[in-house]
Every structure is written in structure tokens, then in C-alpha cells.
Amino acid sequence: MKKTTKLLLGTAAMTLALTSGAFAQDVSRENTVIFDLDRTIADPENFNWMTDGTGIRRMHGAHQTMWEPLFILNYNTGELDPWLALEANSDEGGAVWTIALREGVTWSDGEAFDADDVVFTVNMALENEELTAREVATLRGQVASVEALDSHTVQFTLNAPNPRFAVENFGVRIFGSFLIMPEHVWSAAEDPATFTFFPPIGTGPYVYESSASNRAIWDRADSWWGAETGFMDMPEPERVIFLESGGEESRAQLMIAGDLDAAQNLSVGTFEAIQAQNPDAMAWYSDYPYAVADPCARQMEINTTVAPWDNANMRRAVSMIIDRTQIVNIAAEGATTASSTMFAQYGSMSPFIDAVVEAGHGLSPTADVEGAQALLEAEGWTRDGDYYTRDGETLSVEIHVNSASTEYTRTIDMIVEQLQRAGIDARSVPVENGVFWGEVLPFGAFTMSYSWLSCGSVNEPWASMGRYTVADVVPVGERSPGFNNTSRWDGEAAEAYSAIVDEMETMALGDPAIPGMVAEAYQYLDAEMPFVPLVQAFKLMPFATTYWEGWPSADNYYNHPFFHWNSGHQIIHNLTRAE
Amino acid sequence: MSDPTNAAAPETAAPDMAGLTKRQLKRMKRFDNPWNNPKLIWGVSLLLGIVALGIFGRLFWDTDLVFTGAVMPSQAPVGFENLRGQVGLASSPLGTDVAGKDLLALLIVGAPNSLYVGVLASLIGMSLGIFLGFTAGYTGGRVDDVIRVSSDVMITIPPLLILVVVQASFGDITLTMMAVLIAAFVWQSPTRLIRAQVLSMRESGYVQMARLSGASDRHIMFREMLPNLVPYLFGSFIANVTTAIVTAVGLEVLGLGPQRVPTLGRVIYDAIDSAALTRDMWWWWGFPTVLLMVMFIGLLLINLGLDEVSNPRLRRL
Amino acid sequence: MARYLANRLFTLFLTVFIAATLIWIIPRLSPVNPIDAMLGRMASGGGTIENSGAIMEQLMERFGFNDPWYVQYFLYIKNTLTFDFGLSTNSFPTPVAQMIGGALPWTIGLMMVALIITFIIGNLLGALMVWEHTPRPWKAVIPAMMVFTSMPPILSGLLLMYVFSSTLPWFPLNGAYGINVEPEWSLSFIGSVIHHGVLPAMSIVVVTFGFWALGMRGLMITVQGEDYTVLAKAKGLKKRYILYKYMIRNAILPQITAFALKIGMLVAGQVLVERIFAYPGMGKLLYDAILTQDYPVIQGVSFVIILMTALAVFLVDLIYPLIDPRIRLGG
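Residue numbers (the working numbering), protein chains in the order written: chain A, 1 to 579; chain B, 1001 to 1317; chain C, 2001 to 2331.
Just so you know, these hints were derived from the structure itself, not from any lab. There may be inaccurate statements among the hints.
Restraint-style ranges between C-beta atoms, simulated for each label pair [to be verified]:
(1) A/GLU127 - C/PHE2065: 19 to 25 Å
(2) C/LEU2187 - B/THR1139: 37 to 43 Å
(3) A/ASN76 - C/GLY2045: 18 to 24 Å
(4) B/TRP1282 - C/GLY2109: 30 to 36 Å
(5) B/LEU1123 - A/PRO475: 57 to 63 Å
This structure is a prediction, so every number in the text was calculated from the model and none was measured. Cβ coordinates follow ideal geometry from the N, Cα and C atoms, glycine included.
Just chain A, same shape as in the assembly (with noise of 0.2 Å):
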């Protein structure tokens, strides 16, 4: 027995010496910004982003160090500021398109990034039909034709007007950006489609330097175009990890113990909890709701085409009858706001909203049940016992449900119960995240489903409210094209919106006209109802002061704190170390 004891010990003790070995590390600590990656890197050696659907192959770093994006919206203004390109300008009809890029900027590899990259790369997605990159696809459908004007001037020609092209296609308007290729490493591919582009390269201050399934090492370049032509110094860290933490319990522990120093979306409470133990942690707001909100705010979809609810009087009853105050209590923690329109309550979107609520169009926050109950009863439905009923029929509702988050199943769980407590008899019926977004959403297949799919519009109404014309109307069973109008929102009162949201589809971003339009589209949306906004989306990405200081927060507002984005390049350069 004692000679296990023995055994066991002196294993323990060559352990225990070996792995402090380990961690002598080339970079320090301090020296270092750990980002967290609430995923696995399924192909840690494949670069090629432009067959990636979802754009996982790009958040562990690639798009937020090493390659950069011509402009990057800036949320608060709605503003695109320049990176790589200075200017984007269309002519008057705004199917022709001119980006100007900046001079001097290189490639890691010394070459030079210019027009012909540009040319190459969108040349490229034109032609290869098996690039399925969401960015490619849009780029795709867009553009008919590009060509260099000069060495660094490039002209797009468009099938369509589309004076949203430069944000929707190059300013990293949601998540990501059409990222251009560098020309010599990429025109040696037999196959773009299978091409891993490994090792990669790219513009930015920071070179891939080794990557595994749970965590990517970026290091600082010795010299960056940035810093060499003025446009921005150095970023101060010099060495960036995406590292990924399994789940909420083990990211709380992550950041309690400063072996993160910014976290993806955690809960009110959890985050409340990490404070306690590390008061570097902060968060968007200093206080309630510290969450950020993201572009796709949350609504329920009701499908008009089913009995009872293809009445716009019930759908109305239902958003009557829903208490938004309560879901931002219960199911949120208080993380986020009730949302009074379709769309994420941005600076960029305040002329908008401020729009539709002046015109009466906005909904409350909290439930008018009494009026609600009053439309149910002008439509025949009497109260009997616990439920509505009519012709014997009781007055029920099943609400699919994506089940792969717990924010998802507790807003429906409460909205389940107001309805219930109102008199109608709803029931969730919770599906596989798969079953969901393949089979549920698309093909109609609900009656009613929490979704955010007016999602789109962040600096300019369009790109939401487009979402919701009859022209993507189809039968239920038929896939819904690109995910719009799954409620199949159709009649008179569609028609006329979108009458009205099609004109403003080629108005100029920033016409003085568009406000007073979208009230006049919203009051269709808000008569008819084919979906209800319910709260705006919340992330709460909690940033460690321990080691950098710099982060973005509400009273630091360069941008939104998301760093899985292509905007990350942003956060990154406004590090700077914590004394």
C-alpha cells in the first residue's frame, strides 16, 4: 500500500513539474486578448469562407483580425466608416456603383491589395455557382458585372437599382462582409469551391499563427499598411486567442477567472454573479438592462392562412392580449426593452420608429386585455368556463418553438400563460433547432412560432419591411423564398403596403421622404398584424477590464460590443492594456 502511495505521489509531483513547464509562455498574459468562441472549430485548417454557409469559418478570428472589410457600419450614426475603401458612391439611378479604395495597403505577404484583387474575387463569386457563402449569394444576385476603372478604382454594375448595395454587400451591416481575396494566392485554386486556402493570408495587423478545434492564435504582424500610411496605429495586443468555453457555467468560470477577457451572451443573473467575484466584469449598460440589443428582434409569427387566425381581428387580439413587460421580466431577467415597433432600436433607426409611434402605430408595453377580449367577442367567440368558445369550437393555439434555447421555450412558456389567463387555449410545442429553421419556418408549417424574421434593417427600414410583401407570398407546404413573408401575409391591406414598400426599395438611403412612409406602410402592419413584436433581442457580452481597457459599452459608443463580427477589427484597436 505505501508503495502505491509512493507511486501515486512522485507521479503527481513529475505532474505537477512537467505542466509548469507548460505554461511558460511566449507571449504573456498581459500581452494578450482572449476572446470567447461559444463554438467548435469543426475544420480548423480550411480558410476558404466563400463556401461556408453560416459563417463559422470565419468568427474564430479570421474576419476580426486578418482579413478586413472595406467599410464597417457603425450603429450609433448608421455611417459607414471607411477601412480598406474610402468612398462608395452610386450614380443617380444607383445601379452603378463606384468604390474607391485606399492606397498603400498590402498584403501580408508584401503584395500589393488593389482594384484587381477586388475584380478577382467578385469575378470569382459571379462565376462559381457551388459558393454558397451567404455574402456570395447576395453578392451574386446583385451585381451583373465589375471591372477596375483604375488601380484603385472599381465599378460595379447592378441587375436592379440598390442603393443599399455598399452596406448590404461590403460594410458589415449583420455579422459579416463580403471579404476580397487576395488575387495571386487564390487564382492558383483548380476549384474555388474546395480550395481550403490554408495557410491563409489577409490585410490585417495580425497573421494566423496556429489553430485546433477549440481555440485560433493570431499574432501581431511586425507591420501593418495601417500604421505604415497613418490610417491607424498599431493595435496594442499582441497576441489575439478565440478560445472556446463549453457553455454558460463554464464561461462564467472562464471570466471569474480572467482566462477570458470578453465573453459571448450570458444571462442577467449569471453576469450579476461574475461581478461579484470579478469586479473588472462590465457589460453594455452599467446597470439594467446591461444587454445590447441585437438586429433581429423577437415577434411571434402568426400564419394568416389558418382559421381562426386569418382573421386580422384575432391576430390583433393576440398582441392585445400579450404583456411585453412581463417578458422582459420573466423570460429576459430584465436584459432588454419591450419593442413598440418591428424594428431594433438603434440611433440609426430612431427617425424611423419615432415615425410609425408619432402616427400611433407603436404598441405598448404592457396588456389590454379587456380590449382584446372585446374583439374576440365582436368575432363571435363567447367566454365559457376557462376558454372561448364558438359553435362548440374552443378557442386554441399551438406555438412551435424552437427548443435549443431556454430564452426561446420561457418566452413562449409565459405568452402561453397570458393567453391562457385570457381565455384562449395555447400550448407550446417546443421543436429541434434542425425541425425549426428547416421544416417549421419555411414551409408554413405553424400556426403560430417565435422567430425574429423581420430581422434585417439596421440603419435604413427597407431591409425589414421588404421582408413582408406579397410578392414572397406562397402556398404553405412551398419553401417561403429566402425566409420572407412565412406568414404569408396576403389581401388588400398587403398589397397596399406593399405598394408603398416597393417604391422606397430605390429611394436614396437618407431621403427625407422615407419616414413618413414607413408610417404610412405601418399602419397596414399594424391593422393587420401578420406577426407581433414582442422584445428587442439581447446580448449581454460581458468585457474584463483586468487586463485591456477600452471596451465598448454605451458610454463608449464607436460600435456595437460584438466581437464574433467582422466589425471586431474595431474593438481590437481600441484595446489598450490596463494599468
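Given the coordinates of chain A, work out where chains B and C should sit on it, guided by the hints.
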């Protein structure tokens, strides 16, 4: 089961009779009735306690409090403080979770549900395993081949794969369906092990003896061989109940269980998903875990007790 | 002997073939079309998807989902038999073999260590529960220790993490090796791997040894009454000698079968433990693949599991007659 008791008891108990203390004698007396076994009684009481919690809890406590937003969220048990310094009230004596569900109500509804899934899954799985294992081992030949290959095939198929497909096809699944699904993954091991045991027992002295004396196959299988396997089978049954409960928890943690039915696993899942450990909400994961442990101890004691009943050598004086 | 071997070999091939066919069929029984699900994941990222119809067609064509089922099936069987699992649909164009290659060593390392520790501890404790000469305190402590068996592994993992990583900073919170350590055959790398593996392995050990102990206990009770044990006692052999050479040796036989089955299953990994520790194993790979309808990865991972299990079973069948002479060959 009473046969071996009578046969073995005098042998082991008699020689030591002389040097017993009073206390031991008193214990001895209790063994006159082997069923009057303290472990067995304790074990059964613990399990009955869980069932009683389910039955009487419903009478004395409002089980509608299991719904989202029923009570104040994130409250500590009565007399304790939560992170925000609020002291728990008697209205939710065991505290509440972050979605405003009452923990006492969750336990009242959830504990019997978990026990049900565990026992049902284990019962189905073990019965199937015993039946197929005996049949294969004793009959041999083609039957054996078919059973062996199909159990081998079923051992290799990853359970997750089937569960995800079932859930995608049927949407929400019920507790019973979940038990059946879990049972589909626990019968293979007993089948194989019992088959192996039967094969080796077939050659053992007493079976050969019985065969020579012209006993029927059924007699040999069920009167001679099965009793010898009982301690092992019961041990596996208990282990399987626990495995099934834990598997159910695991599936729920992956979002593959029944969604609307409260079970202990579901409560623990919600707690973990909301970082209850970091939030110091020990009541949220602690109470359901304690109940799982109580169930396990109950089953374990029954196991130990039953073995003592059937096998007097195990009784401690 | 030769006939027995041939028989078992045939069973091995039959098992693998049937199982491989099943894992091709099962994912296709799901109502979700993988490309629809992929578009769904794109849509859930926000905003509309332009050209969704064209993308759909492209992807269906690329992954061969437009081919008739028998073409897909025969291609699958042909490729699988040559260990070519194709390219992942979700991580296109990464070869599935490469993804498995990245995860398999970690899973085998972690799970094998955990399984061996569990097997030894569990069986020893199970035997001690029955042995009449076990010291009193142990008899009381062992059943109490088994209480952990009722805990879900994710909870044991989190509790261990909470105690030995957060409160006492002895072990790292996540990963399979240090962030700044390069995977290579160096002492520091191996040390780092061991250091990172302790908590995940422990969280599996504490919740599973009880199962082994329970099974062993049942087997020991049976063995205790066997003639050879009684005879050995009557001969006056040493107590420990009887315990090891007569009781455990005979009782452990069925446990070895169970061990072999577990070797196969361990490849499937422990999804939840892998998840909380962000451990790069097979469990997570398979789980993610199932959730994203990544057929080639599902098939590849499952096939490895099938092969491992079938081989383990095959070996047990071969070894069993050698260690348990009571079995006649040819049965």
C-alpha cells in the same frame, strides 16, 4: 427464493451461536423473519417516500406553480438569502428558479416522473435482456445467432442518432416514449452477459445433474439457473434504473427529452443552463440532486436487503 | 477452433454490414432535409437570404442528394468499406476522415484512462462489499461513496470544476492542453495534456464506478457460494489469496465482457463532459453532426464506433473460452 435460505441458514449461523452478545442475539431474533430486514425496509420506505411526495404533495401544494412566471423568480429557500440579499419567504419554502417556477412544486411533480422513467426503462430493458439472453444461451443454434447479431448491431448504433431522429419525427415525446427509447439501449448488455453466464452454467455441476435426472428445459432454466443469477440481475436492475434516470437527465440536457413535463433531470438541466452554480443558487440544482441520491440509496438498500433475505451468509451480526 | 473462429469472423462482418446500413438509413428517416436545415441556419443568422432557391439546388447537387437512393447507398457502402467517408456537408470541403482523426485520439485517451480507472476501482469496491474480511469502516463507506452514481456526469463535472478549478486553482478550466502549448511530442505538451485531462476524467470516474461495483457485488455473491470457494476456505488458504485467485478471478469474467462493450461505446465519448470542458472529442463531433444533419460525419463517426465495438465483441468472444474453460467451443 426461500429455498436457499432454509438450506443455508443452519450451516452458517449455528457454529457461532455460543459467543454472541445480547445485542447480536436480539438481531438474530429479528432474522427469524428474513423479510423483516432493516435495509429492505429502509430502502422501500425511501422509494415510497418519493411516491408519497408525489401523491400527498399534490394535495397540499399547488402544482400549477411549475409554470413559468408563477412566482417571484430567483428566490432562496425560506430563511436563506440569494445573491441580491433577498431573504426567502415561506410562500416558496424551497426557493424558486430564474423563470419564476416554484421548486417545491417542481420536485413534487418531477421526482415521481423521474422514478417512473427509470423503473419503466429498466424493467423493459432487463426483461427483454433476460428473456433473450436465456433463450440465446440455452437454445443455441440459429436462434442464438440471430439474437447475438442483433444485439451486437444494436450495441454499436449510437443512441443519440436514433433519439434525435425520433424527436425530429414525433416532435415532443412523452415520458413513456422516452422510457421505451432508453430501454432500447439497455437490453443488449444484459442479453450478452446472461447469455455468457448461461453458457458457462450449462456446463456446471448442478445443471448437468438436473439434466441427467430428466428435468425439462424450462425447469432447468427457471428453477435451477435463474435463482443463481438473481443477485447479479437485481444488482444490474438497480444499476439500470439509475442509468436510465441519469440517461434521461443527459438527454434532457441535450434538449432531447419531453419538453413540458417537469422531471428532476429537466430541473437540473435548467439550473445548469442558467449557471446556477455560479449564481450560488444551490437550492436549484441541490434539491433535485438530493432527491436523485435518495432514489439511488433507496434502490441500493433494497438491493442489499434482498440479497440478505435470499442469502443469509451476507447478514451481519 | 477453426470453425469457431470462422463463425465469429462471419458474425463480425455481418454485424458491421448491418450496422453500417442502419446508420445510413436512420438519419434519412428524419423529416428534415439537410439542405433545408442548412438554409435555416443561415436564415437564423439574420436578414433575408437572396437566391435561396439557387443555393438550395447547388447544395443538393453538390452533396448528391438528387441522386436516386440506391446510387447514394451503394456509393456509401463502397466508400465506407475503403474508409473513405467523404466530405463533410456542413464543413465542406473538409474530409470526414480528417475531422475524426482530430477527435479520436483525445476521446480514446481520455475515455480509456477513465474507463480503466473506473473498472479497477469499481470492481475492487464491489468485491470488497461482499468479502467477509473487509474492514468494518470500509463496509459502511463504500455504499456511501456510490451515491455519486446517481449524479448526472455534467453536474459532477461542473462541481469538480467549481471546486478544483475555480475555488482551488489546481486544474485548468477547459481544453485538452494549454492555450499556448503546441501539440507535439514534448514533455511540456504531455504534461499539459495530463493536467487538462484530470478533471474531465474524474467527472466520468466518480459517476460511473458505482455501476461496476454494483455488478461486481452481484457476481461476487454468486461466486461466494460456489463449491470451489468453499473448498478453498476449507483448505485453509490465505484470505487474500482466496479473494483474488478464487473469488474475483471467477466473478470478473462477465465484467470483462461488459468492459469490452464499453471500449466500443467509449469512442462515442461523453458529449456533455466534452462540452463543459470544451474537450475536442468524438462525442461533440457526433452530436454537432447529428444536429446539423451532416450525413457524412454521422456515418463516419458511427462507423468508427461500430467497428470498434464489433472488434471488441469479437475479441471477447475469442478470449472468453480461454479464460473461462467451462465454455465449450463451437457454441
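Tested hints:
| no. | hint | verdict |
| --- | --- | --- |
| 1 | A/GLU127 - C/PHE2065: 19 to 25 Å | 24 Å, holds |
| 2 | C/LEU2187 - B/THR1139: 37 to 43 Å | 57 Å, violated |
| 3 | A/ASN76 - C/GLY2045: 18 to 24 Å | 22 Å, holds |
| 4 | B/TRP1282 - C/GLY2109: 30 to 36 Å | 34 Å, holds |
| 5 | B/LEU1123 - A/PRO475: 57 to 63 Å | 48 Å, violated |
Going down the numbered hints, you'll see the structure goes against 2, 5, while the others check out.
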